[in-house]
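With the sequences and hints as input, model every part of the structure.
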Amino acid sequence: MPSKTILSNITLATGIPFSFTESLLNHLKEDSKSKGAINILVHDPSCGIKSQKKFSIKSFIGSTPTLFNANKTTNIIYEVSSNTTDLPMPPNLVTQINAINSNHKYIDRINTIKKEGFNITFKKFEDQTFLLNLELIDSKLPEIIAFAVLEKYTNRISKIQDVIENLTAKNPLGYNLSLGHNFYEYRIINFLVETSLGMTSASVWNGIHDATGGIIIVKDNSEVLCYHLIEFNKFKAYLKKSAKLDNPSGGRMGYGELFEENGKTLIKLNFQVKA
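In terms of our numbering, the sequence shown is residues 520 to 794.
Worth flagging that the hints you see were computed from the coordinates, not collected in a lab.
Think of the CB as a built atom: it goes at the ideal place given N, C-alpha and C, for glycine as much as any other residue.
Please note: incorrect hints may appear among the correct ones.
Claimed, not checked - Derived pair list, reagent style DSSO-like, types lysine-lysine, alpha-carbon separation capped at 27 angstroms: (1) Lys760 <-> Lys573; (2) Lys738 <-> Lys678; (3) Lys755 <-> Lys573; (4) Lys783 <-> Lys642; (5) Lys738 <-> Lys760; (6) Lys738 <-> Lys572; (7) Lys753 <-> Lys678; (8) Lys678 <-> Lys633; (9) Lys793 <-> Lys755; (10) Lys678 <-> Lys763; (11) Lys624 <-> Lys783; (12) Lys760 <-> Lys793; (13) Lys759 <-> Lys659; (14) Lys678 <-> Lys634; (15) Lys573 <-> Lys759; (16) Lys755 <-> Lys689.
Unchecked claim - Beta-carbon label-pair distances, calculated as ranges: (17) Gln680 <-> Asn725: 27 to 33 angstroms; (18) Asn617 <-> Lys760: 33 to 39 angstroms; (19) Ile727 <-> Thr603: 49 to 55 angstroms; (20) Glu779 <-> Asn752: 44 to 50 angstroms; (21) Glu635 <-> Lys738: 41 to 47 angstroms; (22) Gly770 <-> Thr603: 29 to 35 angstroms; (23) Arg771 <-> Thr640: 23 to 29 angstroms; (24) Leu744 <-> Lys633: 38 to 44 angstroms.
Here it is in structure tokens:
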């Protein structure tokens, strides 16, 4: 479908949410599989300014869209240590745990590790670029993400609202929360904003957003929502309400199995964020 026709359909609509033609929905569905964005001429009635902006497209038609894509660079490495000894996990137990192949095998492996009396603690990010991208957003963000990902596999906490509540309740970084500062919510939402607007794990992030207009959401009932960055708080509220942590394919990402390195037992965990 020509871009001018898409633009016409959008600009003729009134209010948010609004409906599109079937052909437009098909176009959005096709575009949602790529990282590309569409250009839209935006009129801001509050100041009378017109400007052309790029909007990211996320479509629920067919499957849940991904806000942050997983790959091998998003692996997080954790150390598995015994409560009673400094020795690595016995090889026979490593083999036994790695052989778990249930429907929720990664969750079951983590829970078995804990039941056997071992602790799991964050060690490092496998990829330096991803680590530094997170530190650019906030120096403590890698630790926050690592804690949240482990909690996802340990306690099945995946909805971002629940992730934030759990982080605040457990306060793993020991922030002073006595005056009500939302340290964890602020950092997690900022991470979601940056990933929604251009940050990836594999490329050095310079803080320049690809999608300068916002996000167009195509719901599974063909309803379309447009979150413009002019209304930034609504955009952040959508991310908080809709986003959730998800575990990608272990076979492709190379995570979820215990291994030994330099006399230490380690395990890699991975994640992606869906809307």
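Requested in this report: Quickly compare the C-alpha distance for Lys573 and Lys759 to 27 angstroms and report which way the hint goes.
Outcome: The given pair, whose Cα atoms are some 22 angstroms apart, holds under the 27 angstroms limit.
Report task. State, for the Cβ atoms of Ile727 and Thr603, whether the hinted interval 49 to 55 angstroms holds or is violated. Result -> At roughly 51 angstroms between Cβ atoms, Thr603 and Ile727 fall inside 49 to 55 angstroms, so the hint holds.
Requested in this report: Indicate whether the distance between the beta carbons of Glu779 and Asn752 respects the range 44 to 50 angstroms.
Outcome: Roughly 48 angstroms apart at Cβ, these two residues keep to the hinted range, so it holds.
Query raised in the report: Is the straight-line distance between the alpha-carbon of Lys678 and that of Lys763 27 angstroms or less?
Result: Measuring from Cα to Cα gives roughly 4 angstroms; hence the hint holds.
Requested in this report: Starting from Lys678, check that the Cα of Lys634 is at most 27 angstroms away, please.
Outcome: holds (25 angstroms)
Query raised in the report: Between Lys678 and Lys633, is the straight-line Cα distance small enough, at 27 angstroms or below?
Result: holds (23 angstroms)
Query - Range agreement (Cβ of Lys633 with Cβ of Leu744, hint 38 to 44 angstroms) - result: At roughly 40 angstroms between Cβ atoms, Lys633 and Leu744 fall inside 38 to 44 angstroms, so the hint holds.
**Report entry** Thr603 and Gly770 - C-beta distance against the hinted 29 to 35 angstroms
**Finding:** Cβ of Gly770 to Cβ of Thr603: about 34 angstroms, so the range 29 to 35 angstroms holds.
Query raised in the report: Going straight from one Cα to the other, do Lys624 and Lys783 come out at no more than 27 angstroms?
Result: Answer holds: Lys624 to Lys783 is near 22 angstroms, not above 27 angstroms.
Report task. Given the hint that Lys759 pairs with Lys659, test it: the Cα-Cα distance must not exceed 27 angstroms. Result -> With Cα atoms ~20 angstroms apart, Lys759 and Lys659 stay inside 27 angstroms; holds.
Query - Agreement of Lys738 and Lys572 with the hint, judged by alpha carbon distance not exceeding 27 angstroms - result: Holds, at roughly 22 angstroms.
**Report entry** 27 angstroms limit on alpha-carbon distance, applied to hinted pair Lys760 and Lys793
**Finding:** Answer holds: Lys760 to Lys793 is near 11 angstroms, not above 27 angstroms.
The structure agrees with every numbered hint stated previously.
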